Amino acid sequence: MRKHQPDWHLVALITDDPPPGFRFAPHSEPFDTVIYASDLAIDGFRSWIFKHDVIEACTAVKGPFALNAVRDGRSDAVVYLDPDTCVFSSLRPLEELLESWDVILTPHSLAPDRERQAIIDNEICSLRTGIYNLGFCAFRTDGEGARFARWWSDRLLAFCYDDIPNGLFVDQRWCDHVPALFDRVKILRDPGYNVASWNLSNRTVSITTDGRILVNGEPLRFWHFTKLGPIGDAMTKRYAADNFEVYELWSWYRRQVMATTEKRIPERYWAYEQYDNGMKIPKEHRVLFRSNPQLQRTFPNPFETGPDSFLDWAQNQSLLTRAT
Amino acid sequence: MIAGGLERPLELALAEAVNAEFYAFAYGELPNGDTAASHYLSGGWREGRDPNPWFSTRTYLKANPDVASAELNPLVHFLQTGAAEGRDVAPSAHAVAYYDRSIGWTPEPSASEISEPAASEHTRWAEEHEYQRRICSAEFDKDFYLTINPDVFEAGVDPLTHFLQNGWLEGRDPNAYFSVRGYLDANVDVAEARINPFFHFLAAGRSEGRPERLELGFRYDVLANLRTVEQRMAEVPSVPYDELRTQGELRGALASMRSLGKRQLHLSVSHDDFTANIGGLQLCLSREAQSFRRIGADHIHLFPARPLLVTNAEEADPAVGVLLNGTLMGYYAASSIASALGAESDTNDANPSWAERSFAIHSCLGHNTQALAGILRALKLRRGFFWVHDFASVCTGYSLLRNDVAFCGAPPPESAACEVCVYGGRRQLQVADHARLFAEFNLTVVAPSQSAMGIWKASTSLKPFGEIVHPHCRLRARSPLTIPPPSNRLRVAFLGYRNAHKGWDLFRELVQRYGRDARYEFHHLGLMPMAGLPVEFTAVAVTESDPNAMMRTIEHLRIDVALIWALWPETFCFTAYEAIAAGAVILTPPTSGNVAALVSETGLGLVLDDEESLFDLFDSGEIARFDRANREVAFYSLEYAGMTADLVEGAST
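Chains as they are written, first to last, in this note's numbering: chain L, 1 to 324; chain F, 1 to 653.
Since the hints were made in silico from the structure, they are not lab data. Treat each hint with caution, since some may be false.
Derived CB-CB ranges, DEER-like [stated by the list, open to error]:
no., chain 1, residue 1, chain 2, residue 2, range
1, L, R2, F, R436, 24 to 32 Å
2, L, V54, F, G28, 40 to 48 Å
3, L, L97, F, G279, 25 to 33 Å
4, F, D609, L, L97, 34 to 42 Å
5, F, T161, L, T208, 31 to 39 Å
6, F, A234, L, D7, 51 to 59 Å
Per the computed footprint, the stretches of chain L lying under chain F, defined by three or more beta-carbons under 8 Å from a beta-carbon of chain F, are [stated by the list, open to error]:
no., segment
7, 206-214
8, 276-290
All values reported here derive from a predicted model rather than from experimental measurement. Ideal placement from N, C-alpha and C gives every residue a C-beta, glycine not left out.
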């Protein structure tokens, strides 16, 4: 980001807290500003975050952050990128687009699939999880961008859940509404943006002898390296086939991740994953808590354990199996 | 049941108890006239085979752990003691099928089947397993499996059983053609159903036209195993510094060398000890050394003690090996070499030898160029030659293969391509190391081919003092060595060490596609064969004492076509010259440098745009026009150059 956009203000939004014994020094990181989710002025933050698993929480905070950015007016526009994306060339075209459009979204797919398995993996998947991929979005802090931020913040504070049968998929599915609810929305149909395993069936990567990385002939702007590990790999292989340049990029990404992984942070650590007695909070507990406002009123700090705690109540009710 | 069997000799009892007809029905014919009884006794029971329809081997062992742990033959145990002790038996899993085939009879469910659901699960598994075994055995390659899996070989278990029980789950392949992981990747439903992919393929998949693997290309594997430059450097062992010799010892050797009063001295520098390693470049250096000695010159050769394969920026004074007139004198710190040479190399009235001096840098890899400059200065050398055998002076990726998979074209160092390449991070450092020598000394760049010079000049920012193209060898017409009998199949060969740069993976793919095609015969001439492919292997080693070994073998085997699919722009490919010299033609891509240039100049072969074009030629059979019987065949011998000796001699006259 620094290399390609030296004049952008880089903010890290962290929905976590450093683990005990780990000293995090934000000033030594390449971000201009570090904001913690707990600083976003979310009412009843601990109770609110208890209702969300890690993916739900990390996606939900984008809404309140967007609203804060609109309110403090320090920037003209905001570009959001998931942490598993990497920028390979200038994003200046986005700045140009934001002169005339107030909200920019990238769809998961830009072209119909032809093979049955691809239709199932890609098109049907986005019918479940959202047409637009929210590993990226961009919006102005005025006009329709401001209206979008307000609306998105309201929805994500109340309904940012993974509940596909009921039409909810965290922050992403909500954005299916955006072209209908707001004006000056740009659906960015350039194959160089948000390239990922779900659109590789229709995108070919090439690398020129003058050193540029192209996708369907257009410059690669950013890649979304989703699901690093066996699953990402299976989907990538399935759709990249022998387009080996894709594997070059993945190989590079793995090396970058290995080089920057902080080994002192435990694998899969999250500050909000445990009750205060160290027991991991099962998803069913979160779901039970969030679906019952009475419980939320009775137990304002659900992370607490001991007598008269939420955990105690739930276990006494035998409504939940004891987690091992 | 045999009630009175306990009083009869065991062999007779077994002969009755083991039903040969049943055994053949369930498990197929036995090899070499083995009888069912002896097979069952000697090991068939360990494989879980049942001796007859009424006795399930596995169930008996499971129900009687004392028998199992004592490793007793269960049928023998039952006949000798078990029956009298009232131990139960359960019917074989094959009983139904066996009886069903003739009289439509099914047995009553036995008590043990009802009360022991685990046993019937076991028999279901055994039944399924036997069926899978029968389907898989025809194409399972036992020898391949045991070669590839030495742990299975050592355990002494039946390889097919191992494969069916565990091997496939561990991703182990049943033969050289079928990939377990590949089939599962390409057939998602089979993976989700957790079926043995080889079994699925043979039983159904093949006739359904299922893909055997995702066509990921060989570059996928190269990238999956790609190591960074730092990782490779870390693998090079360090030099125990107590093995280094002293300046004094080298001075002594130098003084003794000078006492013979040779007029000329030549210094060469490369990445290794050419007297100890085999390879095209090593043979070139050997010829250079011999050529200088023939004209009465002394020769010093320097090579790094640690074969780093990048310039050594981390050690200011690394250990360097010294050859004096071809003899290894030992390893010295670079500074010791500079001091010793500084002290022992003055030309004056007292010591007029070494009045004429030259140097040639064939490679800086492994050297610290600062230290090397010190050595050159100590010898008061100002002008020399820099050979472009590879593109190490352009990038740490000296083959200009981005991530070892594709010719990169040496793009600008700040480009996205260099960003994602394993070699990109250290590129500028290595170029700077070379630039130091170009700045301080007048280096005439020598390339062994026009194509190498062209690429070097287009890719570098270094400023040479001069440029020369000087091939390592030339072709001179000769008559054939032998007239081998004609063949009715086109003979296609891969020549040399099987690595990706040289196109081995494409050759292997060609073999996998056409290895069983009656029109073609595939050969590999080199040092190390690969198991499991329908390729005829002939060992060939090109050495100083037998430099024509490859050429002679190509001619003797009557190879029609050589696949020289170099992925990088070869600066000079001896193999290509050897192939042409022996009467073969070459198939190569346009980016293979000197190989493509040679094919274009001579017309001996084809420069093909891509791999698809290659497969088209074999599919259609058009490639057969290169059969020796269908064309004019010319033979050549190779006239080797004297390397730098040719250039220095020319300069001095």
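*Is it true that F:T161 and L:T208 lie within 31 to 39 Å of each other by Cβ?*
violated (52 Å)
*Whether the CB-CB distance between F:A234 and L:D7 falls inside 51 to 59 Å*: violated (39 Å)
*Check of the segment 276-290 of chain L against chain F for coverage (Cβ-Cβ below 8 Å, three residues minimum)*: Contact hint for the segment 276-290 of chain L vs chain F: violated, 0 residues under 8 Å.
*Count residues of the segment 206-214 of chain L with a Cβ under 8 Å from any Cβ of chain F, then say if the count reaches three.*
It holds: at least three residues are needed, and the segment 206-214 of chain L offers 7 whose Cβ sits within less than 8 Å of chain F.
_Assuming the hint says 25 to 33 Å, is it satisfied by the Cβ distance from L:L97 to F:G279 or not?_
The hinted range 25 to 33 Å is violated for L:L97 and F:G279, with Cβ atoms some 56 Å apart.
*Is it true that L:V54 and F:G28 lie within 40 to 48 Å of each other by Cβ?*
violated (55 Å)
*asked:* Looking only at beta-carbon atoms, does the pair L:R2, F:R436 fall within the given range of 24 to 32 Å?
replied: holds (31 Å)
*Do the Cβ positions of F:D609 and L:L97 conform to the proposed distance bound of 34 to 42 Å?*
holds (39 Å)
Taken one by one, the earlier hints fail for this structure at numbers 2, 3, 5, 6 and 8, listed in ascending order.
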